Amino acid sequence: MAGTVPKLAAPRPAAAGPLPSQPLRAAALAFAPSARRFRVSLAGRARSPVIAMASAKEGNGAVTKRTTLHDLYEQQGQSPWYDNLCRPVTDLLPYIANGVRGVTSNPTIFQKAISSSNAYDGQFKELISAGKDAESAYWELVIKDIQDACKLFEPIYDETDGADGYVSVEVSPRLANDTQGTVEAAKWLHKVVNRPNVYIKIPATAECVPSIKEVIANGISVNVTLIFSVARYEAVIDAYLDGLEASGLSDLSRVTSVASFFVSRVDSLIDKMLEKIGTPEALALRGKAAVAQAKIANQLYLKKFSGPRWEALVKKGAKKQRLLWASTSVKNPAYLDTLYVDPLIGPDTVSTMPDQALDAFIDHGTVARTIDANVSEAEGIYSALEKLGIDWEEVGKQLEHEGVSSFKGSFDSLLTSLEEKGNALKTAANL
1 MAGTVPKLAA PRPAAAGPLP SQPLRAAALA FAPSARRFRV SLAGRARSPV IAMASAKEGN
61 GAVTKRTTLH DLYEQQGQSP WYDNLCRPVT DLLPYIANGV RGVTSNPTIF QKAISSSNAY
121 DGQFKELISA GKDAESAYWE LVIKDIQDAC KLFEPIYDET DGADGYVSVE VSPRLANDTQ
181 GTVEAAKWLH KVVNRPNVYI KIPATAECVP SIKEVIANGI SVNVTLIFSV ARYEAVIDAY
241 LDGLEASGLS DLSRVTSVAS FFVSRVDSLI DKMLEKIGTP EALALRGKAA VAQAKIANQL
301 YLKKFSGPRW EALVKKGAKK QRLLWASTSV KNPAYLDTLY VDPLIGPDTV STMPDQALDA
361 FIDHGTVART IDANVSEAEG IYSALEKLGI DWEEVGKQLE HEGVSSFKGS FDSLLTSLEE
421 KGNALKTAAN L
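Here the sequence shown is numbered in my numbering, starting from 1 and rising by one per residue.
Fair warning: there could be bad hints in the mix.
[Stated by the list, open to error] Derived DSS-like pairs (lysine-lysine); straight-line CA-CA distance at most 25 Å: (1) K397 / K408; (2) K144 / K187; (3) K316 / K304; (4) K304 / K320; (5) K144 / K112; (6) K144 / K408; (7) K187 / K132; (8) K132 / K144; (9) K276 / K187; (10) K272 / K387; (11) K331 / K112; (12) K276 / K331; (13) K272 / K187; (14) K144 / K426; (15) K132 / K408; (16) K125 / K144; (17) K319 / K304; (18) K132 / K421; (19) K125 / K65; (20) K187 / K331; (21) K132 / K112; (22) K144 / K421; (23) K191 / K319.
Since the hints were derived computationally from the structure, they do not count as laboratory data.
On a predicted model such as this, the values are computed, not experimentally measured, just so you know.
Assemble the whole structure, with the sequences as input and the hints as a guide.
Listed below in structure tokens is the structure:
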């Protein structure tokens, strides 16, 4: 329930069979008959396991892998995506088999992937030898990963007529306050990736909201990221609608978008504010703000994507800008580890999950329509927080600033390490 703060100390362990004795290039599946589960061991990775429930047998006796992710999509119309990407991208294959329908990435994900793996060293060395600087080399590395991942998800994109199967790549976080720079970067990324199922990620900063409109108007599909407040979300929807109307395209069916509404970080900040207030009323609201706001955002989505204006765009093939729940991993171990997935399930939405949230939901998540349940309770929580002095727009601005700063920090840190590595390669080559 949206208004309940669970008291779980830790996720339940997932039963599984033994891991393969040696790393495989792709992924190895070890079947554990007693638990009737699969455990996926990712080649030589420290990635967390994905559990696949074995639910049926095909006519030839082979076990068909089914997970709660398949049920989530088939029964409730929500698309589960994976919030992670690194080499080899073939490691995504077991995730796809287990029901993942898209991938999101960000500068922090690539910083971790490139700095902690030698899988990028060969291509990086070639790029430096060819005279590329560190930032140019970075984009070459990223673009290859995005293109390769797009290829893996292309069948889903084709099967769903462009509704799913997307891979997201973000413009430079250094452009978060640069309207025109973001537009040009989005055009460039869209051109060089050159895949129909790529989403160009643009942050929902005040400066980049106009960028969203222009990029959509240019026929480029967008994942709008770092949305932390309902007010900013409404501006994002309007930018999408304005962009569609300004495009001049007779067929809008291939211009799509998702709006990435961040969840857990909202509780992380507001919980601290509530603890500072310290009253019993304030403390009772801990762990409830994020889901409450998300449910209200969904009500706004239903309102904005209906009525005469929207119907006029539908006649030209327009598709709704789906709500995507981001930041779905739980930061407070006292909370249920599916807190930001279970209560936000509903049709025409996306939930992108990092390993922790994905594993938890596959293991013990509940597949049921919850997004429009207890809406009046969510509205009550939202209002109660306002009465305690919580300014939702200010919370959104602070979280946006922290999010942009975090991505910039990851980006700058990676570029510095790549510059050092590049200089070392150049020095060695001159010896």
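### Query
What hints, given by number in increasing order, does this structure fail?
9, 13, 19, 20
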